[in-house]
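I would like the entire structure built from these sequences, with the hints used as guidance.
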Amino acid sequence: MTHPGRGLGLFFAGLLFAGFFSPVFVSAQTNADYQKKYQEGKQLLDEGKYSLAREAFRPLLRVSPANAYAAYAHYYSARAALGNKQPAEARTLLLQLLEKHANWKQADEARYLLANAAFESADYAGALAALKPVRNKSLDADAEALKQHYLGQIRDVNTLKILQTAYPDDAAVAGALVGKLLAGPLTPEDQALADRLGKRFKTDRRTEVVPAAEVKKSAYNVAVLFPFLKGDASSREVALDMYKGIQLGKDKLAEEGITVNLLAYDVLNEANQALGVVNAPEFKAVDLLIGPLYAETNRVVASFSNAGQVGLINPISTNQKLVQDNPFSFLTQVSPQIRASRAAEYAARNFPPNAALVFYGNTPEDSIMAHAYRDRVKATGGKVPVFRKILNTQFGSSLQELSAGTVGHVFVSTGNQSVAATLMSDLAVANSTVPVITNANFLDFQMIGYDQYERRNVHFIHPGYVDQQSDSVKSFHSRYFSRHNLIPSQYAYEGYDLMVFFGQMLAKYGVHFREELHRQPPAKALTGSGFDYSGSNANQYVPLLKFVGSRLVRVNE
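Its first residue numbered 3, the sequence shown is counted upward by one per residue in this note's numbering.
These aren't lab readings, by the way, just hints derived from the structure by calculation.
Backbone N, C-alpha and C fix where the C-beta goes; we use that ideal spot for every residue, glycine too.
Please note: incorrect hints may appear among the correct ones.
Said to hold, decoys possible - Quick list of simulated restraints, FRET-style, between CB atoms:
1) PHE483 x ALA235: 52 to 60 Å
2) LYS218 x ASP253: 33 to 41 Å
3) LYS218 x GLY466: 47 to 55 Å
4) SER484 x SER427: 20 to 28 Å
5) LYS163 x ALA235: 46 to 54 Å
6) GLY128 x SER66: 29 to 37 Å
7) LYS163 x LYS323: 21 to 29 Å
8) ARG351 x LYS163: 52 to 60 Å
9) PRO354 x GLN193: 29 to 37 Å
10) LYS286 x LEU393: 52 to 60 Å
11) GLY466 x THR94: 44 to 52 Å
12) SER427 x ASP158: 50 to 58 Å
What the hints assert, rightly or not - Below, simulated DSS-like cross-link-like pairs (lysine-lysine); rule was C-alpha separation at most 27 Å, straight line:
13) LYS526 x LYS218
14) LYS286 x LYS139
15) LYS87 x LYS51
16) LYS218 x LYS232
17) LYS219 x LYS510
18) LYS102 x LYS139
And the structure:
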């Protein structure tokens with residue numbers, strides 16, 4: 003007979019006890035409908051369909067002699083509400099559970115989840131109050147991790163001081179307060195408070211990075227935290243494609259004598275699920291992290307990375323804040339700002355005079371790149387006589403300066419094919435060969451032939467470029483097709499390259515490779531673009547391509 007169990011593992015790895023919850027069945031016959039509805043709700047919850055799960059659990063919330071699932075329905079419905087970003091509703095359900103089922107054997111589990119919901123609502127005192135009566139020792143580690151995670155996000159030092167006064171014996175509160183005090187200018191009173199708490203709780207949260215000793219191993223454990231089985235179809239496809247590339251990267255490293263153990267974790271955008279993963283005992287042996295792909299879970303894993311000085315590879319995001327907040331976090335994708343800046347630097351060296359006409363479209367990325375480009379041109383001593391947002395397909399008189407010899411090149415950032423076609427037409431009418439720099443998305447515009455790009459001296463910023471004619475790409479393509487009977491996607495190439503590159507860094511410099519990585523010269527990847535972390539945790543490798551004899555070639559080697 004099936005019974006409610008903890009095998010769901012949605013929020014925390016410390017509670018993965020299959021069959022942990024075991025209600026007593028009053029009547030197998032009258033309980034059958036309740037059991038069926040419960041299993042339906044559990045399945046929906048497993049699949050991340052939180053609203054549907056709550057609907058399935060709703061009939062089970064009513065207390066009756068035949069319903070052995072009422073308490074569990076409250077609990078799991080609260081988890082679904084939390085997954086749906088509805089902490090207030092989760093709290094209501096859990097308070098009802100604790101009131102109606104005061105003697106429930108798993109009441110401490112409910113109190114833990116109640117604290118979680120309170121933290122999500124920024125009710126820190128309420129969260130600490132919910133955890134205070136918990137007596138289940140198996141929850142101690144999870145409760146401490148929960149407190150450290152949320153208390154560490156509090157920005158207002160006075161809030162932490164109030165909490166520390168209310169909970170003077172709580173080590174997590176003291177640790178968060180000491181960390182906040184030491185992160186900023188200290189008054190004599192704050193210094194004394196930090197010293198007193200630090201001495202009592204043996205807490206010192208100073209934020210400077212202390213270089214770790216080199217640690218080399220015979221094998222390295224790499225955790226991959228992707229949405230493999232749940233979530234939307236497009237995210238799963240990205241995750242699976244990239245992981246297939248990572249697996250082939252592992253094989254390539256093995257050929258070089260480098261042993262990597264891949265540990266795959268199915269992680270969605272649920273902070274508590276990620277919290278459970280990083281708090282699992284086996285996770286302490288992880289040497290490198292790849293993922294997660296979502297913001298909520300990334301914050302949790304980044305905290306683990308920072309505390310343990312474990313490298314964290316962000317394979318999708320271009321958000322530079324991820325590397326600003328964690329010195330052990332790295333971006334493999336090149337941000338729009340860096341793409342534009344590197345292209346402007348190349349133009350300043352190669353397209354005299356150092357003056358540019360800058361045009362951009364109506365997306366945020368178009369604007370970000372245009373402003374970064376303009377700023378970099380000016381920083382190199384250049385001029386930007388035209389800086390214009392294109393609201394329609396008309397450039398008007400903006401291109402007239404091309405014939406005067408006072409402009410060295412044109413920069414255009416837009417995803418609008420009509421604007422691109424108009425630009426190419428206007429350049430053809432002017433018979434201009436003044437260099438044009440734009441993004442690689444122009445290559446996808448079917449209205450424009452590659453021969454036009456070659457005649458008009460168009461250069462493409464292409465950080466994801468894969469040279470299909472290279473031997474290394476052909477080799478990867480053959481291996482991938484042999485194993486999966488599929489043509490590799492862009493994500494497969496990227497997964498392969500990042501695994502090979504960072505695996506080689508682990509082998510060469512050990513698990514604490516950050517400082518050495520900053521000293522490395524730009525490195526071309528085996529199949530895709532490349533990696534350049536000179537003085538930065540953000541990848542700065544930006545290939546600039548143009549057509550020569552109908553073939554794309556890189557011009558900024």
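27 Å Cα cutoff - pair LYS219, LYS510: At roughly 10 Å apart (the allowed maximum being 27 Å), LYS510 and LYS219 satisfy the hint.
LYS286 versus LEU393 beta-carbon gap, inside 52 to 60 Å or not: holds (55 Å)
33 to 41 Å as the expected CB spacing between ASP253 and LYS218, which holds or is violated: violated (21 Å)
Hint check for ALA235 and PHE483 - Cβ pair distance inside 52 to 60 Å: For PHE483 and ALA235 the Cβ distance comes to about 23 Å; the hint is violated.
Agreement of LYS87 and LYS51 with the hint, judged by alpha carbon distance not exceeding 27 Å: holds (12 Å)
Pairwise beta carbon distance, SER427 to ASP158, judged against the given window 50 to 58 Å: Holds, at about 57 Å.
27 Å limit on alpha-carbon distance, applied to hinted pair LYS286 and LYS139: holds (21 Å)
Supplied distance hint 29 to 37 Å, evaluated on CB atoms of GLY128 and SER66: The hint (29 to 37 Å, Cβ to Cβ) holds, given that GLY128 and SER66 are roughly 31 Å apart.
Verdict for LYS218, GLY466 (Cβ pair) under range 47 to 55 Å: violated (32 Å)
Assessment of proposed distance window 52 to 60 Å (beta carbons of ARG351, LYS163): Hint holds: Cβ distance 54 Å, inside 52 to 60 Å.
Range hint compliance [Cβ, PRO354 to GLN193, 29 to 37 Å]: violated (57 Å)
Range agreement (Cβ of THR94 with Cβ of GLY466, hint 44 to 52 Å): holds (47 Å)
Taken one by one, the earlier hints fail for this structure at numbers 1, 2, 3, 4, 9, 16, listed in ascending order.
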